Amino acid sequence: MRYLPLTDVDRGAMLDAVGAPSIAALFADVHPDHLQHAPIAGLPLHQSEMEVERHMARLAGQNRAAGAGPFFLGAGAYRHHIPASVDHLIQRGEFLTSYTPYQPEIAQGTLQMLFEFQTQVARLFGCAVANASLYDGSTACWEAIQMAGRITRRKGAILSSGLHPHYAALVQSMARFTGDGIAHQPPVLTAETDFADLAAQITPETSCVVVQYPDILGRVSDMAALAETVHAAGALLIAVVTEPVALGALTSPGEMGADIVVGEGQALGTGLQFGGPYLGLFAIRDARHVRQMPGRLCGETVDTRGRRSFVLTLSAREQHIRREKATSNICTNSGLCALAFSIHLTLLGEKGLRALAAENHRMACLAADRLAALPGVEVLNSAFFNEFTVLLPGDARLAVRQLAHRGILAGVSLGRLYPDQQQLAHALLVTVTETASEDDIDALVAGLKELWP
Amino acid sequence: MRYLPLTDVDRGAMLDAVGAPSIAALFADVHPDHLQHAPIAGLPLHQSEMEVERHMARLAGQNRAAGAGPFFLGAGAYRHHIPASVDHLIQRGEFLTSYTPYQPEIAQGTLQMLFEFQTQVARLFGCAVANASLYDGSTACWEAIQMAGRITRRKGAILSSGLHPHYAALVQSMARFTGDGIAHQPPVLTAETDFADLAAQITPETSCVVVQYPDILGRVSDMAALAETVHAAGALLIAVVTEPVALGALTSPGEMGADIVVGEGQALGTGLQFGGPYLGLFAIRDARHVRQMPGRLCGETVDTRGRRSFVLTLSAREQHIRREKATSNICTNSGLCALAFSIHLTLLGEKGLRALAAENHRMACLAADRLAALPGVEVLNSAFFNEFTVLLPGDARLAVRQLAHRGILAGVSLGRLYPDQQQLAHALLVTVTETASEDDIDALVAGLKELWP
Amino acid sequence: LEEALIFDIGSGDTCGVDLPQPAANAPVRLGGLERRSAIGLPGLSEPETVRHYTRLSRQNYGIDLGLFPLGSCTMKHNPRLNEKIARLPGFADIHPLQPESTIQGALAVMEELSAWLIALTGMHGVALSPKAGAHGELCGVLCIRAALEARGDLREVMLVPESAHGTNPATAAFAGYRVESIPAAADGRIDLAALQARLGPDVAGVMITNPNTCGLYERDLHAIADAVHAAGGFVYCDGANFNAIVGRVRPGDLGVDAMHINLHKTFSTPHGGGGPGSGPVVLSEALAPFAPLPCVTRRADGSLMLVEEESAADHLPQSLGRMSAFHGQMGMFTRALTYILSHGADGLFAASGDAVLNANYVLRSLEDVLDAPFAGSGPCMHEALFSDAGLAPGVSTLDIAKALIDEGFHPMTVYFPLVVHGAMLVEPTETESKAALDQFIAALRSVALRAKAGDPSLCNAPHFAPRTRLDETQAARKPVLVHPGTQAP
Amino acid sequence: LEEALIFDIGSGDTCGVDLPQPAANAPVRLGGLERRSAIGLPGLSEPETVRHYTRLSRQNYGIDLGLFPLGSCTMKHNPRLNEKIARLPGFADIHPLQPESTIQGALAVMEELSAWLIALTGMHGVALSPKAGAHGELCGVLCIRAALEARGDLREVMLVPESAHGTNPATAAFAGYRVESIPAAADGRIDLAALQARLGPDVAGVMITNPNTCGLYERDLHAIADAVHAAGGFVYCDGANFNAIVGRVRPGDLGVDAMHINLHKTFSTPHGGGGPGSGPVVLSEALAPFAPLPCVTRRADGSLMLVEEESAADHLPQSLGRMSAFHGQMGMFTRALTYILSHGADGLFAASGDAVLNANYVLRSLEDVLDAPFAGSGPCMHEALFSDAGLAPGVSTLDIAKALIDEGFHPMTVYFPLVVHGAMLVEPTETESKAALDQFIAALRSVALRAKAGDPSLCNAPHFAPRTRLDETQAARKPVLVHPGTQAP
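Protein chains in written order, with UniProt numbering: chain A, 1 to 453; chain B, 1 to 453; chain C, 38 to 526; chain D, 38 to 526.
These are calculated hints, taken from the structure and not from any lab test.
Please note that a few of the clues may not be correct.
Not the full set, but computed from the structure, chain D residues with beta-carbon under 10 angstroms of chain C [to be verified]:
1) P84
2) E85
3) R95
4) G99
5) I100
6) L102
7) G103
8) R117
9) L118
10) M342
11) E469
12) A472
13) K489
Simulated crosslink set (DSS-like; lysine-lysine; CA at most 27 angstroms straight-line) [what the hints assert, rightly or not]:
14) C:K121 x B:K351
15) C:K515 x B:K351
16) D:K471 x B:K325
17) A:K155 x A:K325
18) A:K351 x D:K121
19) A:K325 x C:K515
20) A:K351 x D:K471
Bear in mind the structure is a predicted one, so any value in this text is a computation, not a measurement.
Ideal placement from N, C-alpha and C gives every residue a C-beta, glycine not left out.
So that you can see chain A by itself, here it is in the shape it has in the complex:
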């Protein structure tokens, strides 16, 4: 086995040193009935790199890569061009094969990167402090609701109908066990978000209101007024950002008064990857709540020679110290995705992120106009970033499947996200990033035209 360095000579010498007659003898504590004395039957034996590569490449070949043709999917996972240097750098063995930086003297690389990452996220979200990442946007959303509960000592969360339905589903699954009260409705097809409705639902039991920005239909609204109402009720406003590139063009949630801003960071650095690993972003506007935050935090300090240094800090919140009283059970997070995010954002910088956002918006506007020009097709949104909802003449799930057979990945049908909502069956969520060309857009338009000539 290419990964096992011991030779039989080594094994013999080591068994002598240990005083055991065989490796099997080291498993003497296992009851004989439970011990396999030979490789488990039914599994193949070891294979060469070449054989494994052939098999896996065959499976990969049974998927249609997004880059293989026109592609317009989003709904919480966004395809952007990732500079080649990002992937090169995250594959440096010193990053890739290191552990959580619990020994800061030999982990300053990871730690300084995390400090830079936290700063980038906080600034992007308009917040004071960000953590060192969570699993993904959806779990970060639930952690935010839990944090709001700890701060307000209330257990009622109101979810916007514009929140990603998978995020809402996760929250509802979890709340069933924690006893939190969750209010949530599916979206209705209007150009405006439901912020007014949300304000009306607030009660003295409300710990938080959760809105998505841009929301699941691609809509954007000013959340400042909502924030005031929420604050007046002693609750917190949680904003969820699933497309961080949008904040290169849009005012940040923190600036509009959101108290906790969470997000999915996959769009920068990580790529699609069929849904994971992704990158949970978590930031708060008021640094005084930092001890209620979940997840790891990296802080600045000095070493005995006075050199600026970084270290994981405030770990009294965490499970390995506080055990059942921890703010979260999270341990491993998304360190390497955070690195990719931070490198990508460093390459972009202020100027690049703004240009990238502008290009996304330009292409999305262009696509929206061309789609709206199709007979029987309507664009729902008056405002959007790079994603908008299109109302088709017929069932959108069917249209997606039919266009897929023609090599066009047209978008995400709301019927797939909300299978029991007949009112949404004709709606298609279309995402247009800088990776789409005008030819791609024309192919989509032509494809829809063929379906409804």
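Following the hints, put chains B, C and D in place on chain A, whose structure we already have.
Quick look at chains B, C and D alone, frame taken from chain A:
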């Protein structure tokens, strides 16, 4: 431009420091008639990574990758499976972006690797000393002939008809300018090599005899007797190895008395790459000739604290010191390919190289038998390693083209290598490495059957 | 040279990516929310970026540089083939919501990995979506709770051994349970009698790590499982240490109801400086019906389908719902599957054997100079546990750890498990050579001897690392968590 | 920790690759030449291999770590996009002898690159196959000789300036010419009058570097070319310094007949610790017919063809023949083309400007502390030249170079060009930021001041590198070029 760090603010400050009004002013020494004042017309402007990638991927898509189907080409370039860790390691920035190790205190990584590489090559070839690489096998062959000329002070080289025709062409092109006398004939279709003929051609003017092992028809013969004859005439025997994996199964040229052994190292670590960059291997059996060798040499020494260290040495042979009296004009060699070769060979080790060679030979024997069983098809070789010559019922160039249209890359036709040799028109050189499966071989057999049913 | 922060060297005008510059007359449909303030993001050109992160990386230690003997963390070699496979466009560049016909290969990866995990653990079902070990624990505990609720049995207490990972009690609390500790016997294993005495109708289950965090095999696990089941509870097994027994012991044979598998431990997906991980959970027949969505199943026509909310009623009606937005850590599934196929049944069998042999070799080579509290309890499994007993006054476990840094090694896990004073937990893993172990043993022996002799230089080690000891108190007392500079560079 | 040699740690029985073990009864058709002796190749498992080479790499300095100011070597940033593109299977995994229909994209790369190189140099043709700069020089000089021979004019002498790279005279000698040196004028440029005086019917040509190795633009190159041409000779231009003028000056406009282009300098293919390079040669109308095989041409039907021996009679009848087995450094062509397309005409124009600006900034920032012999000759081009004049007795250029290592930088080129005593040639390239230059300037300034003051610690620098100064004499006197251990491990 993403690769240019200076901002306009920087440029302004630096021009001030330099005392120049503009960058253009720094080009004052260029005659105005010769100076472009704006980007050269007719060339496109800069493009994003995404745009460049699209263009280059389109071009790549117009080639048929060897891995896309049955593949049997060799003739001096061999396809083997390269472990994934090889490419990972050679991309470490400290290897990839370093210069020739002229500053040994901060280049021990490259230097130690070269020392290990030289040792591996010398042992593989059965020689005493190897250099730190040359461009490729063909130029190494010419350098060997030149070295033989320096040692013997003669200018006549006899090339075996089994020498790769491109190598022979290069030698003849160069000799035209240096005045060396080159004897060379195209091969004839016999199972035996031409060693006896070569011995007969030796004269007192002969500096060297050059044989290939295995030769261009895939044949292998013992060169010990030839070596004795050559040595008796005061000349040197040069052996050319284009497939180093063969030496995992075959006795090395050095053991059979070759004085200079050169080779193409591409088969280990580097891959096909459409012919380059490749890796010139160069070794000599008698270490006393080391000062006549071309190319860089890495040697062991100590630093002022007595630590074992490595350094480029004997550079008095080289162009940067000796200028027109150098043993060769070579400067840049194939350092990174040498690294890949060395890593691949370290992963294999003695056991792995032997197993790899055995597997190549096994698959080649299997293919030879199945091809020989086809009516009208004959296998020329009685002995071979992983490459052999097949005589087809018709023109082999045509057969190669026709099978290519069916997705089978059947081999190299000798008609392509020797366009003016009608006697070779039916001959096809078939190479079978461990990357070919039994299904691939069956596809080749079936394809030939279809051509001549 | 000290590496500056991007905020010190970058500027808002510098950009390492070429993009079209926004046209002045471009349409804007942002609902009046155009960003008006500067974000404060510094940019670097590509050369500067590559250099910044390359230099940072060199301040890190990784497995690629040397032994990483963190007990219970299983830092083993990360094969580069796995990285290559995960980057095939057919895996890396597919969207989680693509139509089913365009992702059959991805679903096949999930199906194959599931089958292997079930075969290796002898369990009934598997939930792939948990994002890491702790998330898998949560999944398993929620399955237990869902199963209990399904039979109308609302229990309140989860039993957790003292030696458990911190995630165990944190998870149980997160899932709404009251955590009670169960003591260890003198030999470092669970006290079966004490556990049995505590069982009752209020106990939902017990969370056990096997091999446990003292590096010992829990001989009584089957008996414990019988007792817990008899009392109406469930057995959760923390699979963090599965590496010691993979291919040799199937937890399903021991009566386990749920166990998470850290793909980044046993199946060698890279740890990446803190993640991402992946924590699939294998489940017994009793718990499998409650697994979270989505999962993969095969249709009558042979095609694969993803069971989500829409189809859950037909395929997994009792599912506890969704634990993450999409389908789990696909990038880790491809790596783990590649690893499993590479090793095969014989390779995994050999790997756990070598992991245990290496740990015993370390244990027996050092027990004369370091106190090994359970050395008399028989062979250890994949990790060797030492305590600080016998060190000179004023010298601590932490000092030994930091001194190892000066010897060129990453320290072992320290002060865990909590049941041993000044614990040092060494897990070499199977991918270390004898030569590497001998170097490590010699280094630790030398440090241990100095520690017993009270060498004062240990107390301010490390001396030769990129940093000397950090002021962690200052970091926590007045936290500086973001760069304080102006937000508008 | 010192890194052992593979011969110290590897064994012939260890293997990091899984392969079928040879069957005892397998057929053997090796003509009785089966290997009987051991080779002596040590093997390592994959984890050990990754660790060995990762550790070795960390003893190296690279551009990715910092400024690499080697004059005339042009060590600039290597974009990672280029590496990615070169590894596309359609480029990396194709055989040079595949049928033409299966390699149209590869031929298109060669055609596009040729077109760009011709456009940027204003020349007539290009030979892609030379493997590196020196090989390109040989190609160019052989073209000159072939052209002379074609007109029956056998000349014997090649003129080379004193300041030339060593490859120039070595190449001319290799091609059968007698080399004569031409002197430099006081301003560091070629002495036009001396050159003109030497021209005659025995002079085949002149090899000139422009900008020259003193970092100066050869103002008289056009006049030189006119004189050489009038005397029946040809002008070879060493393109090593093309980076300074790319996109701004077309050598074809200056009367150059042949020039090689180091793709690893101007077009940023990685230098890889000593290669591979790639040295395409652009040729004037007079020399283009003599270019080596193969080359690419387009058929009437639009398809691309490779002109080889078979078709040379129709397409390139006067070709000098073949200079390497296959078609050149394809892997470098894809990288260079990617780089050229990324930069575009505007980017290359900006790049040469920044390269020259950076060099002048270094020159002017240090001329007060280091002797700059040609600082009065006007702006330098892409590199700044200093001499050892003014250093304290006993302190040498070499000491300054080694002291720079302690400051965290790779030294500049030293003792070249030969026309300046104790030369120090600094080429920052365009991919360095002002901040990086300022750091470098401060470091070199501090070293220079110490050198003038005679600081004795300079003479045994470096002190903080992986090695102190090596005993190079011992290495050469009794060379140990291979590991002496037994050949059978």
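Hints versus structure:
1. P84: Result: holds, 4 angstroms to nearest chain C Cβ.
2. E85: This hint holds: D:E85 lies near chain C, its Cβ roughly 6 angstroms from the closest one there, short of 10 angstroms.
3. R95: 7 angstroms, holds
4. G99: 8 angstroms, holds
5. I100: 8 angstroms, holds
6. L102: Hint on D:L102: holds, closest Cβ of chain C at ~6 angstroms, below 10 angstroms.
7. G103: 7 angstroms, holds
8. R117: OK, holds: D:R117 within 10 angstroms of chain C, min 7 angstroms.
9. L118: 9 angstroms, holds
10. M342: Hint on D:M342: violated, closest Cβ of chain C at ~32 angstroms, above 10 angstroms.
11. E469: Holds, because the Cβ-Cβ distance from D:E469 to chain C comes to roughly 8 angstroms (cut-off 10 angstroms).
12. A472: 6 angstroms, holds
13. K489: 24 angstroms, violated
14. C:K121 x B:K351: Answer holds: C:K121 to B:K351 is near 26 angstroms, not above 27 angstroms.
15. C:K515 x B:K351: 59 angstroms, violated
16. D:K471 x B:K325: 42 angstroms, violated
17. A:K155 x A:K325: At roughly 18 angstroms apart (the allowed maximum being 27 angstroms), A:K325 and A:K155 satisfy the hint.
18. A:K351 x D:K121: 26 angstroms, holds
19. A:K325 x C:K515: OK: A:K325 and C:K515 at ~22 angstroms, within 27 angstroms.
20. A:K351 x D:K471: 19 angstroms, holds
Hint check: violations occur at hints 10, 13, 15 and 16; the rest are consistent with the structure.
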